[in-house]
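Residue numbers (numbering that gives the first Met the number 0), protein chains in the order written: chain Z, 0 to 247; chain A, 0 to 239; chain P, 0 to 181.
Please keep in mind that the hints were generated in silico from the structure rather than gathered at the bench. Only a predicted model underlies this, so the values are computations on that prediction, with no experimental measurement involved. If a hint is listed, it holds; no wrong ones were tucked in.
Listed next, the in silico DSS-like pairs over lysine-lysine satisfying Cα-Cα at most 27 Å (straight line):
#1 Lys130(Z) to Lys120(Z)
#2 Lys54(P) to Lys130(Z)
#3 Lys120(Z) to Lys54(P)
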Amino acid sequence: MNVEITDLTRRFGRNQAVAGVSLRAGPGVFGLLGPNGAGKTSLLRMMATVIQPSSGELRLLGRDPGAYGQRKQIRRRLGYLPQNLGYYPAFTVVEFVEYFALLKEMPPAQVPGAVAAAVEKVGLGDRARAKLRTLSGGMLRRVGIAQAIVNEPELLLLDEPTAGLDPEQRVAFRSLMRDLGQRATVVVSTHLVEDVGAACAQVALMNQGKIVFHGTPQELTARADGTAAAGDAPLERGYSAVLAQARS
Amino acid sequence: MSEHPAGVPRRAAAPADVDLERVWTAVAAVVWRREPGWLERLAGRLLRSPGLARALLTTPSLLIPWLIATAVVLGAGSIATVSTGEPLVALVAPVVAAAGIAYAYGPGIDPAWELSCSMAVSERMVLLVRALAVFGLNAVLGLAASAASGAVAAAAFGWLVPMTAVCALALAAATLARSANVGVAAGLGGWVIAVLSGQAADGRISAAFTEPALVLPYLAFTACCCAIVLAATRVRRGTP
Amino acid sequence: MDDQELVACVAAGDDTALRELLLRHGPWLAARLRPALSAADVEDVLQETFLAVWKGAGGYRPDGPAGAWIWGIARRQAALFLRRRGPAAADLPAVLERPHADDPAEAALSRAQMTAAVAVLGPEGSPDRRVWQLMYVEDRPVAEVARLMGIPEGTVKSRAHRARRLLRAALTGRPAAEGGSR
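Chain Z on its own, in the form it takes in the complex (with noise of 0.2 Å):
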């Protein structure tokens, strides 16, 4: 099990953001769907360690989060993509993965090749010496995922990874996705239904900071079934079905 969590709750002033989770997952893809303000950033943060939970119990790795050093061994084996990445202009497509790379402390006689596999995985071979600044949206993105991917985490953390890729690079993601979650924990939140229903393995369906819905994409497409529910695809479907009924 790569992550385990229990009860966790994350307030924010008197704002609940996740109001007691409850999940485990292993080696794999995990969907996180939700509409806005469900917490499902929330809850990557804190997976990511930037945030800390205000109550309850978070093991990632097998390894307390809470305790510095074991923080830091998971960082180690951590990627993280958020959802707003920022870049810097005047590095290059290879400057930028290398130096969180190093950040990560990999040791630095691994670093160049890993950057290059990196860097050829998300389809930007062409572009590596490229500065940052005359990329486009959807390529900046891959940059993102570049860079969470160079130390092969064991968990990967995605918060809308494919925000301005276009359908064929979307594709390519997907793919790229189910050869990482041969090893590692893949998690994904989005918006968009169809991506998960693509790759994962795993969906959990958040709404108001609870999980109300986890199981397989086809357990969440047969929640439609005698519901007159809305959606065009039958995930769709599924998801606006259990929406409405822990809105009811």
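Use these hints to put chains A and P onto chain Z, whose structure you have.
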């Protein structure tokens, strides 16, 4: 399979067990490699962390253009001090340093701040190393300018303590407001207030940095600002 | 962009041109090396080859096809690679041996390459092919070849010269000096 005009097959397909992608990745690793300079390698050995060394040497206010600008401003202050007799280096140095600190660290200048907070090289270490380097460099340049202007002893380095306080203020403001410019403004504003109130109380413009009674208050203020920064970088506040 | 322009770009420091060269030439280079080396060794040799291309692109003179130049580098890298392995592996497969500078037609070559090259001379029984067979394979003197074929000795010599030229072109990849190939 088309033939080259001289009869040599040129479009033969690769054997199935040869992985050309692996070949390219290995070639690219060498071709794309960035060789760290001697300074970065030295810093990496001293800090025992190549990542921390790279973070230090990419500090915006430690880049060559910034350093040149700092030297020029302090140099001008030195020349002006010599010609007008006013302790201009002492007045200018704290603000220049504060600007350097505001542009050294934090959400104000790091577009990838959220990602940086998830790194194994902790943000606290980056803060410490960058702040010390910027402060140290500015102190050295300021002292050189002071010495060159032949200022009286107290005015030559008495401004080091207020400089610490002004820098801490700038850093705290920049971190809280997530904006380097706010930090610079706070540092500048705070120093102007200190100098003017010193002048109002004592009649001399140099009161703010020559009055020994102010040393402790300055240091206490510095400690407060540092505590604010530590607290602000510990608790992540608010969802985007 | 043709190969010579790509090499010029590589000399100017363009890494995307190097990548394009590997995409274009990697497959057939690998196919040529594979009979002599294991797959992993082919990958290592190609890696060294293209790094050598990267460093040495400035030295390429466009008097021959870029592919032949790269093949020359690959062959040298393969030889170096095998020599580094140790004396046991120093028995360089014939296909990779550097041909004698004067007369490549007399170098030792693998049968397949030789057969393909000899086919350039024409079908079995054609005049150039027969001259080749008699003079170089069976090692008969010019006078005897002239008698057997019923042609003057001068004709034998000029046909032999043409056969050598065609074979040199076929084996090293440079275009034949004058005239066509067939």
